[in-house]
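Novice: Spelled out from the first residue to the last, the chains are:
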Amino acid sequence: MKIKNMKDLDKVKEIGMKSLFPKGPQIRISMSTCGLALGADDLFQKITREKDKKGIKISLHQTGCSGFCNLEPMAIVKLPGKPALLYTQVTVENVEQIIRDIKKKKIPQKGLFCMIGSDSAAAKPDPVLNAVPDYRDASPFKGQHRMLLGNCGIIDPLSVSEYVAMAGYSGLFKALYQMRPEEVIKEVVESGLRGRGGAWFPTGFKWDMASKSSGDEKFVICNADEGDPGAYKDRTIMEGNPFKLFEGIVLAGYAIGSHHGIIYLREEYHHTFGFLSNAIEIAKRFGLLGKNILGSGFNFALNIVRGGGSYVCGEETALMDSLEGEVGDPRLRPPFPIEKGLWARPTIVNNVETLSNVPLIIQNGGKWYKNIGTEKAKGTKILSVIGNVKHPGLYEIPLGTNLKQVIFEMAGGPVNGKSIKAVQVGSPFGTFIPADKLNVSLDPESLREIGSMIGSGVIVALDQDACIVDILHHLLTFFVEESCGKCVPCREGVSRMEELMIEIYNGRAGMNELDIINELGETARDFSLCALGGGAPAPILNGIKDFKKDFEAHIKTGKCLRFS
Amino acid sequence: MEKERIEKIVNKHRNEKSAILAILHEVQAEDNQLNAESLKYIALLLGVPYANVFGLATFYSAFNTEKRGKTLVRACDGISCHINGAEEVIKVLKSKLNIELGETTWDESFGLEKVRCLGLCSISPNVSFNDKTYSNLNKEKILEILQKVTGDSK
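Residue numbers (the working numbering), protein chains in the order written: chain A, 1 to 564; chain B, 1 to 154.
No lab work stands behind these hints, which were simulated from the structure alone.
List time: in silico DSS-like cross-link candidates among lysine-lysine, alpha-carbon distance up to 30 Å: (1) A:K559 <-> B:K91; (2) B:K91 <-> A:K549; (3) B:K139 <-> A:K559; (4) A:K418 <-> A:K549; (5) B:K70 <-> B:K91; (6) A:K103 <-> A:K54; (7) B:K139 <-> A:K418; (8) A:K82 <-> A:K106.
Quantities reported herein were computed from a predicted structural model and do not represent experimental measurements.
Can you build the whole structure from these sequences, using the hints too?
Specialist: In structure tokens, the structure reads:
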């Protein structure tokens, strides 16, 4: 059905509420890329077979990823009158017992992790659940502010009605019916939202300028070329709550006067491509994309384009080249994309996470949004905390949260009694913060003060066994492979740095070579055309300065601390 | 690939030059390669120089101008996989398939590639065999998977 007015929206909401709070028993299986990698499809089939065999009516849904892939496959079991219960690492072997329990109206015990919405009025207390924490108090969810990820892993990502039941599309409805485009921009400016892809450019300012650019055709590009190794927040949003992203894209289009959006998706996300294409078709059927959106008369078409596996295409001007069917080379600026972007038309390029913030801002107002975060950095940030920590995963935190708290309390600190050596914040371009300096606020300003950056939010924790030379060697190989080759400082400078680093790694070079790396790094940093060559030297220069011991070990013995 | 099949794909994209990435993806998905003959014909149909199309096919790492294996093995070497032992996993893949990264086995059953991040960083190291991904790998697990997969394909 097409949603054409408030009444339709309410009707869809009602359907969504019924599906989220069903009368009968219900099971939800997390079936994102990660769930599938760990056997969620087998699990889904086994549950289907088993419930049919036992002849019980259980409604079966799929959900997205909650950001903790290591707890997959996850399942949510909802019994009538009980809170929804989250189970982790559910295996095919558990299924028979789960179905038997559900048949007896008993709560399955194996793999029970936490409750979701234990305070909901419909849920009666149950003694079996006394020791089971609510999701907000269960580590690794504890301490997070999950306003973007909150529905991921809980709602059915392809169900418009469930998204609407969670207040979805109320922002777009409000904008299309009660606000002029400039008022939408005003709220986004007021909110203080800045680009989450890594550049932290003020979103409202970008939109304001694009809205004032002349041209009868404008474009909204959603940058889903999530290329920073270690990042998977955009994938999680896209697979866990795609309609929120679409709502944000349409809001951006309405604000700047564009009727055409493109999602540029990274090639490596095979499953996501099919999944999002499907979600777009569903949104069209509900009148949420295409002509006459929500019955307001506003038209907006959305397409997905797959990239070709090139990291530099995450840079906005290279991305536009790629969309035009060219090799992805960063362009010289000005002209900026807001004046002459895709096909020389005014264009805004925003990251998935940035756009997903917009529905919340319009729904609750810019004033509400700017209460979250620090004085200068507003809202939350999804961090991808990986490496040597107990609970690697996605942590959505208010900007300004302490890094030490994230590493040691939220992510559980290092494993096997080891200690943390350093943390690279904003990988791959961020610097390595030594263990004794982790007491720092996670926001762009505080990190800049200590010479680091937050980037797209990849945080790599390294324990005592890690070797910085090994990591730098790894990073440099990546930068060299992904350099587009257009400008000399990046193409030549970074590859020479890599060559020298390999020599050092193998113990065939001395301290003199370190000086040459430093010099090359400074040149590439200061004279490269785009952020790839300009950003690549930072972790290298900092690593050489702060982790001399690691270099000495390689230079003197040719041995890597990592394997000693 | 046969000209008719290429025409069908190009027509589907209304002969638009901007759709060239999608066209290359689809031709490669059908033919398992983008050989010179196919690229030349795509260039002709779209009215762009062959050099440009060849440039795209070689710039983007997702494209292959030589025949890929029936099963494409993509070993992730992102930062998380690296920290958790991707090197060891890649070593096993190379020695068991008896090829280097970027190569295809003699019988064209397997191709081996390195990718930078499959986006499954908290269950690393990861390796995908076509559309099936295996996670939390180590030396023993990848050996077991290889045994199963090579057994299936023969």
